[in-house]
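A.B. asks: Protein chains in written order, with my numbering: chain A, 2 to 256; chain B, 2 to 256; chain C, 2 to 256; chain D, 2 to 256.
No lab work stands behind these hints: they were computed from the structure. Quick caveat: nothing in here was measured; it's all calculated off a predicted structure. Among the hints, a few may not be true.
[What the hints assert, rightly or not] Derived CB-CB ranges, DEER-like: (1) B:212 x D:225: 54 to 60 Å; (2) B:189 x C:173: 57 to 63 Å; (3) C:80 x D:174: 40 to 46 Å; (4) B:183 x A:78: 39 to 45 Å; (5) D:181 x A:182: 48 to 54 Å; (6) A:78 x C:209: 29 to 35 Å; (7) B:78 x D:174: 19 to 25 Å; (8) C:251 x D:200: 55 to 61 Å; (9) B:183 x A:121: 51 to 57 Å; (10) B:178 x C:55: 34 to 40 Å; (11) C:177 x A:176: 33 to 39 Å; (12) D:242 x A:176: 52 to 58 Å; (13) C:177 x B:237: 42 to 48 Å.
[What the hints assert, rightly or not] Residues from chain A shown here face chain D by an in silico Cβ test under 10 Å; the list is partial: (14) 11; (15) 15; (16) 17; (17) 37; (18) 71; (19) 224.
[What the hints assert, rightly or not] Now the stretches of chain C that chain D is said to cover, found in silico as 3 or more residues with beta-carbon under 8 Å: (20) 42-48; (21) 81-87; (22) 96-104.
Glycine is no exception: its CB is placed at the ideal position from the N, C-alpha and C atoms.
4 protein chains.
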Amino acid sequence: MDLNSDLGESFGRWRLGDDAAMLRVVTSANVACGFHAGDPSTLRRVCEQAAAGGVVVGAQVGYRDLAGFGRRFLDVEPAELVDDVLYQIGALEAFARVAGTRVGYVKPHGALYHAVVDHEAQAGAVVEAVRRYDAGLAVLGLPGSALLRRAAEARLRGVREAFADRAYTPAGTLVPRRQPGAVLVDPARVAERCVRLATRGEVVAVDGTVIPVSAESVCVHGDSPDAVRMAWAVRRALDDAGVVVRPFVAGSEGE
Amino acid sequence: MDLNSDLGESFGRWRLGDDAAMLRVVTSANVACGFHAGDPSTLRRVCEQAAAGGVVVGAQVGYRDLAGFGRRFLDVEPAELVDDVLYQIGALEAFARVAGTRVGYVKPHGALYHAVVDHEAQAGAVVEAVRRYDAGLAVLGLPGSALLRRAAEARLRGVREAFADRAYTPAGTLVPRRQPGAVLVDPARVAERCVRLATRGEVVAVDGTVIPVSAESVCVHGDSPDAVRMAWAVRRALDDAGVVVRPFVAGSEGE
Amino acid sequence: MDLNSDLGESFGRWRLGDDAAMLRVVTSANVACGFHAGDPSTLRRVCEQAAAGGVVVGAQVGYRDLAGFGRRFLDVEPAELVDDVLYQIGALEAFARVAGTRVGYVKPHGALYHAVVDHEAQAGAVVEAVRRYDAGLAVLGLPGSALLRRAAEARLRGVREAFADRAYTPAGTLVPRRQPGAVLVDPARVAERCVRLATRGEVVAVDGTVIPVSAESVCVHGDSPDAVRMAWAVRRALDDAGVVVRPFVAGSEGE
Amino acid sequence: MDLNSDLGESFGRWRLGDDAAMLRVVTSANVACGFHAGDPSTLRRVCEQAAAGGVVVGAQVGYRDLAGFGRRFLDVEPAELVDDVLYQIGALEAFARVAGTRVGYVKPHGALYHAVVDHEAQAGAVVEAVRRYDAGLAVLGLPGSALLRRAAEARLRGVREAFADRAYTPAGTLVPRRQPGAVLVDPARVAERCVRLATRGEVVAVDGTVIPVSAESVCVHGDSPDAVRMAWAVRRALDDAGVVVRPFVAGSEGE
Numbered sequence: 002m003d004l005n006s007d008l009g010e011s012f013g014r015w016r017l018g019d020d021a022a023m024l025r026v027v028t029s030a031n032v033a034c035g036f037h038a039g040d041p042s043t044l045r046r047v048c049e050q051a052a053a054g055g056v057v058v059g060a061q062v063g064y065r066d067l068a069g070f071g072r073r074f075l076d077v078e079p080a081e082l083v084d085d086v087l088y089q090i091g092a093l094e095a096f097a098r099v100a101g102t103r104v105g106y107v108k109p110h111g112a113l114y115h116a117v118v119d120h121e122a123q124a125g126a127v128v129e130a131v132r133r134y135d136a137g138l139a140v141l142g143l144p145g146s147a148l149l150r151r152a153a154e155a156r157l158r159g160v161r162e163a164f165a166d167r168a169y170t171p172a173g174t175l176v177p178r179r180q181p182g183a184v185l186v187d188p189a190r191v192a193e194r195c196v197r198l199a200t201r202g203e204v205v206a207v208d209g210t211v212i213p214v215s216a217e218s219v220c221v222h223g224d225s226p227d228a229v230r231m232a233w234a235v236r237r238a239l240d241d242a243g244v245v246v247r248p249f250v251a252g253s254e255g256e
Numbered sequence: 002m003d004l005n006s007d008l009g010e011s012f013g014r015w016r017l018g019d020d021a022a023m024l025r026v027v028t029s030a031n032v033a034c035g036f037h038a039g040d041p042s043t044l045r046r047v048c049e050q051a052a053a054g055g056v057v058v059g060a061q062v063g064y065r066d067l068a069g070f071g072r073r074f075l076d077v078e079p080a081e082l083v084d085d086v087l088y089q090i091g092a093l094e095a096f097a098r099v100a101g102t103r104v105g106y107v108k109p110h111g112a113l114y115h116a117v118v119d120h121e122a123q124a125g126a127v128v129e130a131v132r133r134y135d136a137g138l139a140v141l142g143l144p145g146s147a148l149l150r151r152a153a154e155a156r157l158r159g160v161r162e163a164f165a166d167r168a169y170t171p172a173g174t175l176v177p178r179r180q181p182g183a184v185l186v187d188p189a190r191v192a193e194r195c196v197r198l199a200t201r202g203e204v205v206a207v208d209g210t211v212i213p214v215s216a217e218s219v220c221v222h223g224d225s226p227d228a229v230r231m232a233w234a235v236r237r238a239l240d241d242a243g244v245v246v247r248p249f250v251a252g253s254e255g256e
Numbered sequence: 002m003d004l005n006s007d008l009g010e011s012f013g014r015w016r017l018g019d020d021a022a023m024l025r026v027v028t029s030a031n032v033a034c035g036f037h038a039g040d041p042s043t044l045r046r047v048c049e050q051a052a053a054g055g056v057v058v059g060a061q062v063g064y065r066d067l068a069g070f071g072r073r074f075l076d077v078e079p080a081e082l083v084d085d086v087l088y089q090i091g092a093l094e095a096f097a098r099v100a101g102t103r104v105g106y107v108k109p110h111g112a113l114y115h116a117v118v119d120h121e122a123q124a125g126a127v128v129e130a131v132r133r134y135d136a137g138l139a140v141l142g143l144p145g146s147a148l149l150r151r152a153a154e155a156r157l158r159g160v161r162e163a164f165a166d167r168a169y170t171p172a173g174t175l176v177p178r179r180q181p182g183a184v185l186v187d188p189a190r191v192a193e194r195c196v197r198l199a200t201r202g203e204v205v206a207v208d209g210t211v212i213p214v215s216a217e218s219v220c221v222h223g224d225s226p227d228a229v230r231m232a233w234a235v236r237r238a239l240d241d242a243g244v245v246v247r248p249f250v251a252g253s254e255g256e
Numbered sequence: 002m003d004l005n006s007d008l009g010e011s012f013g014r015w016r017l018g019d020d021a022a023m024l025r026v027v028t029s030a031n032v033a034c035g036f037h038a039g040d041p042s043t044l045r046r047v048c049e050q051a052a053a054g055g056v057v058v059g060a061q062v063g064y065r066d067l068a069g070f071g072r073r074f075l076d077v078e079p080a081e082l083v084d085d086v087l088y089q090i091g092a093l094e095a096f097a098r099v100a101g102t103r104v105g106y107v108k109p110h111g112a113l114y115h116a117v118v119d120h121e122a123q124a125g126a127v128v129e130a131v132r133r134y135d136a137g138l139a140v141l142g143l144p145g146s147a148l149l150r151r152a153a154e155a156r157l158r159g160v161r162e163a164f165a166d167r168a169y170t171p172a173g174t175l176v177p178r179r180q181p182g183a184v185l186v187d188p189a190r191v192a193e194r195c196v197r198l199a200t201r202g203e204v205v206a207v208d209g210t211v212i213p214v215s216a217e218s219v220c221v222h223g224d225s226p227d228a229v230r231m232a233w234a235v236r237r238a239l240d241d242a243g244v245v246v247r248p249f250v251a252g253s254e255g256e
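Generate coordinates for the entire structure from the input sequences, incorporating the hints supplied.
C.D. replies: Shown next as C-alpha cells:
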C-alpha cells in the first residue's frame, strides 16, 4: 500500500502544511506545480527532501487559478488543458531531476480532480498530456473515474486511490464534503479503516454497509493542523498490521 | 553565424510577433517560458514549429512580471532566481521534448538580460541554474557581461551575441535605447552591418570608429511590425555573402 | 440609441484594439478592469479619453483569468463573485474619478456575460455587487437574461443590448459563434441592420423571419482589425437615418 | 498616539495573521489591496470589521508581486506606479464604501516602503497618485523619508510612524533586519519603549543613546505568531500610561 499526500502547496510568503514532516510519513508526494499553488523554491525544497527520503515525486497538476487554489471548475478547452498539464509536469521535472529523481506520476488537483471523474474531454486531456510527455508515468485518480478509464485506454498505468479520512456512500463514492460526517477526524478510527482497506479491501460505508474498495494508494491530507498526527496514526497502524507501505512507482530512485 | 530572435511572447488572447514567419529565418529561437510572456499553448506551437524547421530552442528566461513583460528590474534573491530559472527551463523542456527536440541554451530576457551584465549575484544565479539543470546547455549573452564570465568559470559554454539593429558606442557597448539613433531601422543598412560583423568581426560605432565585435550569434528582433522583413534582409545578405548561417548549438535535432 | 464597445483590453506590452479611435465613435465604453484584461495605465488612458470625449465609462467586469481573457467559465462561489465585481468596479472608479467622470454602468465580460444569462447564482452576485456599490448604476446585458431580470428585482436599471454584427435565431437569441454565418462582416449590411433595429425595433433572423428586438444599446466589437471601420459604418448610418446616438446613462459628465 | 498594523494580507486559500483579533487592538488598519497580497473577499471582511470597530482603513499599496509579497524592489516607471497606486486605492475604496467608511490614508508596503525613503521618483509617484485621487488623504511613512517630504511639498498630510519592535541606530534610523537584535521580541520591553516614545518622544538606541523620535503612529506587526499578544501588550501599556490611543485620521466614520 502507498500513502500519498498533497505537498508543496505554499506560495511565496504564504506557508501551507508541514511538507518536511509529511515527507517522513508518506511514500508518494503530490507536488503542486505553480498553477494553483507552489512557488519554484517550494518545489525545489520538496523535491530535494522527497528524493533524500526515498519518497516518489508526483505532479499535482491543477487549473491556473492561484486565487481559487484550483478548487473552482474552469472550463478550459481540452487542447489548452493538455498544454497546461505539460507545462506543469515539465516545471516540476526540472526540480526532480536536479534533486536526483524524476516525476513518477501525475495526479490532478482540486476541481480538476473532481472534473475528470466524469468530464470526458478534460479527463482525456490530462491523459493525453501524460501520454505525450512520458507514457511510462502513472496516473493517480479515483476508482471508476473517466480519468482512469481513459488512462487504461491509452495504455497508461492508472492507480486507484482511497481517502483515509473520508466517509463513503454505500455505492462506493465519497460523501460530499458539505454533508455532516463527510470528513473523519478521529485518528484512531481513520487508521483502523485504512488497515481494513489495506488488508481486506473493504470499507464501512455511512449506512454501516461493508463495501469493497480496491486501492493501491491512500490519500492523507497534508494541510490541516492535525495532518501530520493523522498521517502518522495511519502509517503506524499499517506498519503494525504488517502492511508493507511503499510507493506504487517502483525503483524511481534507481533510474 | 547564428541568427537568434525572441519568440513565443504571446499570452492568451494577446498575440505578439509572427513566430511562424520568424522561424523560417532564424536558426535559434529564444522562447519565452511563461514568467514574463508565453502561455503553454504558445510554447508548444513554437517548439513544434522550431523542431520541424531545424531551429534550436532556447529558454528565454525572465523575471516573474507579466504586467511589465519582464522589462523592469526585480531585486529577486539569487537563491530564488536560481529556482525561477529552473522552473522556466523545465516548463519549456516539456514542450521541446514532446516536439522531438531539447532546450539547447538559455538566454535571459529584458531587464534580467541587462541586470546580468553587471549584477554579479543575479548573473551567478542564472549560471548556477543552468549548471544544475544541465551543464551541457549554452548561455547566450552580451560580450563582456558578468553572465558570460561566470558561465566560463562554471565551465559552461558562453555564446556572445551582437545586435543587428542597434548602434554601438566606440567602447563596444550598446547605445542606450532612449538615445536618438540607438535603433537602426533601414533593413539594407542593418543587413550590411551584419555581413561586416560576420565576415570581418567589426562594427562601425556611432562616432564612425570601426570597433572589433566578436559574436557567434546575431539577435534580430521579432516583435516589431517590420521584424520579419528586417530578419529576411539580414538572412539574405549573410547568405549572399557566403556566410554559413547555422545554430551555435550543433546537432540538437539528432540527440 | 447608444453604441457600446469593449475597450481597455490591452495588458502591459500587449496591445488590443484601437481604444482612441473607437472612443470617437461609441457613446459608452465598457472598460476592462484588470481581472481578464486591462492594466492600470490602460484604464487611466481610456478613462481620460472617454471623459474628454463625453463617452460614458462602464465597468466591464470579468472572471479573474488573464490567461483565458475571461472567456472560460469559472465556477466561482457567488459570495466571492460579489467581492470580485466590487473590486473591479472600485479599481476602475479611481481612474474615472481622476478623469473627472464616474463609472456609469456595469457590463459582464466574456464567459461571465454568457453565464449570467441563465446562471442564477452568478447573475445574482453581479447584481448584488452593483446594488451594494451604488444602486444608481445601470446594468447592461442580454434581453431576457437572468442578469436583467434580477437587476429589475433589485430595482436597478437594466439596459438591454443588441449586437450589431451577430446573426439572430428566429427565437431572438444569438446564433452561437461556432456556427457559420454567426458573425456578419459586411459593414454596409451590419449598418443597415442597426438602422432597422433602431428605427423599427426589428431584426431579420437567419431564416428570414422578421423578429422584434428591443434594445437601448448596440454593441460594436472593438478588437477586430476592421473594428473601427465597422463601428463608423454603424454610427454614420444611424446618424444619417436621424437616429439620435447618445449614452443610455444621462448626464454623467455633469454630476 | 495611533497604532497601525498591516492587515488583509491573506490570499485565497492562504491565511496570514489574525485580522479580526488585531482589529480589536489597533486604531488604523493598513489593508493590502491585491497587488502583493489581499484577495477581494479578504478586503471586504477587513473593511467590514474595521468599520464596525471604528478602526480607520488605509490603503497598503505595494508592487505587483504576489510571489514576492511585495518585498522585492521593482523598478517600475513612475508614471506606471502612479496608476498602480490609483488602482489599488480604488479597489480598496469599493469595500470601504460598502462597509460604510472610506479609505483614510495610504501607506506603501514592503520594498516600496523602503524604496520611497530615498527613491525620489517612486516617492513622487506615490504622492502624485494620492494627490490626484483625493488630496484629503494622509500618507503614512518613515520620518525623514522622501515620501513624507514630497507629501508635504504637495500639501498632503504626512504622518510619521515609529516601529514598536525594531531597534534604532543612534542616528534615528532602523537597524537593518538582518543584524542581530534588529527585532525586539519581548512584549514587556517593546511596550515600555512605546510608552516612552509616546510620552517623552524618545527611544533608546542600540548603543544606549537616548534619541528623539517624533511619531504620530506606532506600527505593530500583524503576521507573526505572537502578533496579537505583542499588540495587546503595547496597547495596554499605552492605556495604562494614560496615552490616548486613537486614529490619526479623525472622524472618518462621521463623513
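A.B. asks: None of the hints should be skipped; say for each whether it holds.
C.D. replies: Results of checking the hints against the structure:
Residue 212 of chain B and residue 225 of chain D have their C-beta atoms about 56 Å apart, which keeps the hinted 54 to 60 Å range intact. Against the hinted window of 57 to 63 Å, the Cβ-Cβ separation of residue 189 of chain B and residue 173 of chain C comes to about 59 Å, which satisfies the hint. Checked against the hint of 40 to 46 Å, the C-beta distance between residue 80 of chain C and residue 174 of chain D comes to roughly 45 Å, which is consistent with it. Separation of residue 183 of chain B from residue 78 of chain A is about 42 Å and conforms to the stated range, judged on CB atoms against 39 to 45 Å.
The given range of 48 to 54 Å is respected by residue 181 of chain D and residue 182 of chain A, whose C-beta atoms sit roughly 52 Å from each other. Between residue 78 of chain A and residue 209 of chain C, the C-beta spacing of about 34 Å keeps the proposed range 29 to 35 Å intact. Evaluation of the 19 to 25 Å hint for residue 78 of chain B and residue 174 of chain D yields a pass: the beta carbon distance comes to about 23 Å. With their beta carbons about 58 Å apart, residue 251 of chain C and residue 200 of chain D fall inside the hinted range of 55 to 61 Å.
Checked against the given bound of 51 to 57 Å, the beta carbons of residue 183 of chain B and residue 121 of chain A, roughly 55 Å apart, stay inside it. Checking the proposed 34 to 40 Å range against residue 178 of chain B and residue 55 of chain C shows it holds: the Cβ atoms sit about 37 Å from each other. Between residue 177 of chain C and residue 176 of chain A the Cβ separation comes to about 38 Å, which falls inside the hinted range of 33 to 39 Å. For residue 242 of chain D and residue 176 of chain A, the Cβ-Cβ distance of about 56 Å falls inside the hinted range of 52 to 58 Å, so the restraint holds.
Against the hinted window of 42 to 48 Å, the Cβ-Cβ separation of residue 177 of chain C and residue 237 of chain B comes to about 46 Å, which satisfies the hint. Here the hint on residue 11 of chain A is kept, as its CB sits about 8 Å from the closest CB of chain D, short of 10 Å. Because the beta carbon of residue 15 of chain A sits about 3 Å from the nearest beta carbon in chain D, less than 10 Å, this interface hint is met. For the restraint placing residue 17 of chain A at the interface with chain D, the shortest Cβ-Cβ distance is roughly 6 Å, inside the 10 Å limit, so the hint holds.
The interface hint given for residue 37 of chain A holds, since its Cβ lies 9 Å from the closest Cβ of chain D, which is under the 10 Å cut-off. Using the Cβ-Cβ criterion of 10 Å, the hint placing residue 71 of chain A at the interface with chain D is satisfied: the shortest such distance is roughly 9 Å. The criterion of a C-beta within 10 Å of any C-beta in chain D is met by residue 224 of chain A, whose closest approach is roughly 8 Å, and the hint holds. Under a criterion of three residues with beta carbons nearer than 8 Å to beta carbons of chain D, the stated coverage of the stretch 42-48 of chain C is upheld, 3 such residues being counted.
Given a C-beta distance limit of less than 8 Å, the hint that chain D covers the stretch 81-87 of chain C holds, as 4 residues qualify and 3 suffice. Three residues within the 8 Å Cβ limit are the bar, and the stretch 96-104 of chain C against chain D gives 3, so the coverage statement holds.
Hint check: no violations occur; every hint is consistent with the structure.
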